[in-house]
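Trainee: Each chain is listed here by its residues.
Protein chains: 2
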Amino acid sequence: MFQTVRGMRDFLPEKMKVKQFIEGTCRKAFEKYGFSPLQTPVVEEYATLSTKAGAGEEIKREIYYFKDQGERELGLRFDLTVPLARVVASNPELAKPFKRYQIGTVYRYDRPQAGRYREFTQADIDTVGTDSILADFECIAITAEIMQKLELNFFIRINNRILLEDIAGLAGIPEKMIPEAFRSIDKLDKIDWQGVEKELLEKKIDKKILSFIKDNDLADIEKMFKENKIESKGLNELKQLLELIKEQKLEKFIKIDLSLARGLEYYTGNVFEVMAESQWTVCAGGRYDNLVKALGGRETPAVGISFGVDRLTDILFEKKETESIAKIYLIPVNKELALNALSIAQKIRELEINVEMDLTGKGISKNLTYASKKKIPFTVIIGEDELKNNEIKLKNMKTGKESAVKLNELSKLKELIV
Amino acid sequence: MFQTVRGMRDFLPEKMKVKQFIEGTCRKAFEKYGFSPLQTPVVEEYATLSTKAGAGEEIKREIYYFKDQGERELGLRFDLTVPLARVVASNPELAKPFKRYQIGTVYRYDRPQAGRYREFTQADIDTVGTDSILADFECIAITAEIMQKLELNFFIRINNRILLEDIAGLAGIPEKMIPEAFRSIDKLDKIDWQGVEKELLEKKIDKKILSFIKDNDLADIEKMFKENKIESKGLNELKQLLELIKEQKLEKFIKIDLSLARGLEYYTGNVFEVMAESQWTVCAGGRYDNLVKALGGRETPAVGISFGVDRLTDILFEKKETESIAKIYLIPVNKELALNALSIAQKIRELEINVEMDLTGKGISKNLTYASKKKIPFTVIIGEDELKNNEIKLKNMKTGKESAVKLNELSKLKELIV
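Here the protein sequences come in this chain order: F and R. Residue numbers are given in my numbering: position 150 of the first sequence equals residue 150, and the series is strictly consecutive. Adding 1000 to a residue's 1-based position in the second sequence gives its number in my numbering.
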């Protein structure tokens, strides 16, 4: 028996309906803010993939890397941001700011584990070509809109990478050790404060940074900066963003978290991370101003956020009853009436109602079992009597209630099936 | 400068909007007939991919084949039918008939040429688990609906593989030579009747088959079969399908074409091919009853059709003006009014209207250029006067007409922007 590739999975219809609902919700919210769709290939040149700041040869082990028959070095994309940066770098004519969204699968050669797959779907928005914090704010507003539409409990952790660097400086960490310090701090979710402290100790990094980010709020930090005459661009960016958030009454969804470092080293400003149902990171992003240049374009500021559609799907699938695709299931009582049933089905479809009909000529009871397995909410049995009376009887499968509808008044179905 | 991988392409927003329109049109038509969505991974085990009837080792040269770091033999899927058959074979609990659609990218290591890409999108429906010709008919009806919604000229060529085999038998071609004969006949699009005749001659196959399929209509064939006492299952299937098509008044879109062989050897019944704008094959399919079994499942009849979304996109992109994503573009006259503009933008978005606003603080004329480049149909300039009057002025960019709307009556925008 053939299987899916290790670490990858099928979305069978019940789950795929949830996934499509999430993708549709994302798309609608993205478009409401004027983001336009983009599609890029799943396969990219290895040279493109390896350019992301901080990624070197070792990335070969984390991605699907291969050569085609022409010995070209290729790989499956591991995110949607690198392809976006390539698009921007090689299409300088695109009007800026370039606001695009992309929903697509990405690939990582990770160790497969619960909730982690080697193929998964991201839904990304990015605004490329402006350093305005309004663009950062749009990421937050769209996130809040989507998470509310999905009816999930959530909060958005916010921090700023430059602010964190300035705090690290104030805590006496030498500049070249800062990335190492962040790599440890970034593990707070997994190894807690003691664990991070131990790592810093091993790396011979002053652990003072930990109390700085743990025991202070933004006002404390601002005060410390003032006392030490530190002008922090990062602090200003974060404060600007918070002002917009308050102004638009979204602060109830926000947690300032000075410990949020975000693993990838290319972030250069505000960073975000979204927690759903108090335990799942479902979305993350931030400002990254160097990536387009690294891919051969001009210096271009950018900010974006990426939704983990797979994880959202798994969460929502547990919470939400899915609706069937077909609203009505038609059953001809015998094969001779299949043509009549088909004509009726076609007339109902003309009303933009989704209809499935029995194709097989199986018996009524088997058909009802099938309809109930597929959770189709209404059935219509078509027999000689109904045809003689020029009507159909719509049966609500939940309540058992039947409603007769004349064939020349089928548009009444629209109200009956809501 | 980094490029897309050879033979693959980006869909920039202008074209991607057309592609999404086509995908949405397909999805809606598929669901109207009760097909449910499925998603399978882009990467499949090589063993799965090489199982398709007729495909052997040589398929390695036609696909993206590679090994992962665990030395697993993998490949990128070259169609959506093999993954479907794998899903059906390994999930026997799925209610039958299993009607699914899938829209996704597939990969072929072809020589790239105009209109042919190494990554392209297919939109497929398949009904698995019934040999009813009603399922064949649904493929035809859905095709007609989609092509009409896309406002494309089209016709559907129809034939039956078993009928063609029976004609070949009548024309004296030995059974084991029939696949070779079909391979030549399948080239009729490319090398015309003379070319095919020459090929048959080289293969020492009686060319009589050509006049049989060229000079006869279905009635002639039926008569010949009767005279020769041939019971043709294929002829019956095709006649049944035609009866349904006539009954539902779709015959104006149909051309019976006895020369239609369809390259892939796994078709076992009715076959279809859709021509758009008199020159492009945009869609093809048919009945294939052996694939699921080949992938380890039970004997399972199936029929399906696959839309070439890329080609449809290219055709429609030439014919159709696209609409902008944002319907309204907001321009604050200076940076100090950005917050006011943002509040207004958010209120309009609450009405489910797509709004883009200036994020950059650039001047009015640059903003108008941007809006016009993005073809946004309405603009609103927000200045002190408007704010004092608690109103905005909506400007139609085509007609130049301005309409004042009070801030507490923003829902009036809904009528103004249609």
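Certain hints may be false.
Said to hold, decoys possible - With a cut-off of at most 30 Å between alpha-carbon atoms, the simulated DSSO-like pairs for lysine-lysine come out as follows:
hint, chain 1, residue 1, chain 2, residue 2
1, F, K28, R, K1406
2, R, K1293, F, K374
3, F, K412, R, K1187
4, R, K1406, F, K149
5, R, K1028, F, K347
6, F, K17, R, K1293
7, F, K335, R, K1096
8, R, K1406, F, K249
9, F, K412, R, K1414
10, F, K373, R, K1096
11, F, K414, R, K1067
12, F, K17, R, K1015
13, F, K366, R, K1028
14, F, K375, R, K1096
15, F, K249, R, K1347
16, R, K1028, F, K67
17, R, K1293, R, K1320
As the list claims (entries may be wrong) - Anything over 10 Å on all C-beta distances counts as not near chain F; from chain R, calculated:
hint, residue
18, R1006
19, A1114
20, E1151
21, E1180
22, W1193
23, D1215
24, D1220
25, G1383
26, D1385
As the list claims (entries may be wrong) - Computed footprint of chain F on chain R, listed as stretches where at least three residues anywhere in the stretch have a Cβ under 8 Å from a Cβ of chain F:
hint, region
27, 1037-1046
28, 1089-1095
29, 1130-1142
30, 1169-1179
To be clear, the hints were calculated from the coordinates, so they are not data collected in a lab. For each residue, glycine too, the CB sits at the ideal point set by N, CA and C.
Trainee: It remains to establish, for every hint, whether it holds in the given structure.
Mentor: Hints, one by one, checked against the model:
Under the criterion of a C-alpha separation no larger than 30 Å, the hint pairing F/K28 with R/K1406 is consistent with the structure, at around 26 Å. At most 30 Å may separate the alpha-carbon atoms for a hinted pair to count; R/K1293 and F/K374 meet this at roughly 24 Å. For the suggested pair F/K412 and R/K1187, the alpha carbons sit about 51 Å apart, so the restraint of at most 30 Å is broken. Taking the CA atoms of R/K1406 and F/K149, the gap is about 28 Å. The hint holds against a cut of 30 Å.
Between R/K1028 and F/K347, the direct Cα distance comes to roughly 16 Å. Compliance with the 30 Å bound is thereby established for this hinted pair. Of the pairs offered as hints, the one joining F/K17 and R/K1293 holds, with about 27 Å between alpha carbons and a cut-off of 30 Å not exceeded. Proximity of F/K335 to R/K1096 is assessed by CA-CA distance (about 18 Å); at most 30 Å being required, the pair is judged to hold. Taken as a hint, the R/K1406 and F/K249 pair is honoured in the structure, with Cα atoms around 22 Å apart against an allowance of 30 Å.
Of the pairs offered as hints, the one joining F/K412 and R/K1414 holds, with about 28 Å between alpha carbons and a cut-off of 30 Å not exceeded. A hinted pair counts as satisfied when its Cα atoms are at most 30 Å apart, and F/K373 with R/K1096 qualifies at roughly 10 Å. With a C-alpha separation of about 53 Å, the suggested pair F/K414 and R/K1067 falls outside the 30 Å cut-off, and the hint is violated. At roughly 26 Å between alpha-carbon atoms, F/K17 and R/K1015 fall within 30 Å of each other, so this suggested pair holds.
Under the criterion of a C-alpha separation no larger than 30 Å, the hint pairing F/K366 with R/K1028 is consistent with the structure, at around 28 Å. Of the supplied pair hints, the one linking F/K375 and R/K1096 holds, its CA atoms being roughly 14 Å apart against a limit of 30 Å. Distance restraint check for F/K249 and R/K1347: the Cα-Cα separation of roughly 13 Å lies within the 30 Å cut-off, and the hinted pair is therefore satisfied. For the hint linking R/K1028 to F/K67, the alpha-carbon distance of about 39 Å lies beyond 30 Å, and the restraint is violated.
About 43 Å separates the Cα atoms of R/K1293 and R/K1320, which puts this hinted pair outside 30 Å; it is violated. Look at R/R1006: its CB is around 7 Å from the nearest CB on chain F, not clear of 10 Å, so calling it non-interface is violated. Consistency note on R/A1114: stated as away from chain F, and its beta-carbon is indeed over 10 Å from all of that chain's, at 18 Å minimum. For R/E1151, the condition that its CB be more than 10 Å from all CB atoms of chain F holds, with the nearest at approximately 18 Å.
Consistency note on R/E1180: stated as away from chain F, and its beta-carbon is indeed over 10 Å from all of that chain's, at 27 Å minimum. A cut-off of 10 Å between C-beta atoms confirms that R/W1193 is not in contact with chain F; the least separation is 35 Å. At roughly 33 Å from the closest C-beta of chain F, the C-beta of R/D1215 stays outside 10 Å, upholding its exclusion from the interface. Distance to chain F confirms R/D1220 as a non-interface residue, since its nearest Cβ pair spans about 27 Å, more than 10 Å.
With a minimum CB-CB distance of about 18 Å to chain F, R/G1383 clears the 10 Å threshold, and the non-interface call stands. Here R/D1385 stays apart from chain F, with its beta-carbon at least about 22 Å from theirs, past the 10 Å limit. Interface restraint, the region 1037-1046 of chain R with chain F: holds (9 residues with C-beta to C-beta distance below 8 Å; minimum three). With 5 residues having a Cβ less than 8 Å from any Cβ of chain F, the region 1089-1095 of chain R passes the three-residue criterion, so the hint holds.
Against chain F, the region 1130-1142 of chain R contributes 7 residues with a C-beta closer than 8 Å to a partner C-beta. That satisfies the three-residue criterion, and the hint holds. Under the rule that three or more residues need a Cβ within less than 8 Å of chain F, the assignment of the region 1169-1179 of chain R is violated, with 0 such residues.
Of the hints listed earlier, those the structure fails to meet are numbers 3, 11, 16, 17, 18 and 30, in rising order.
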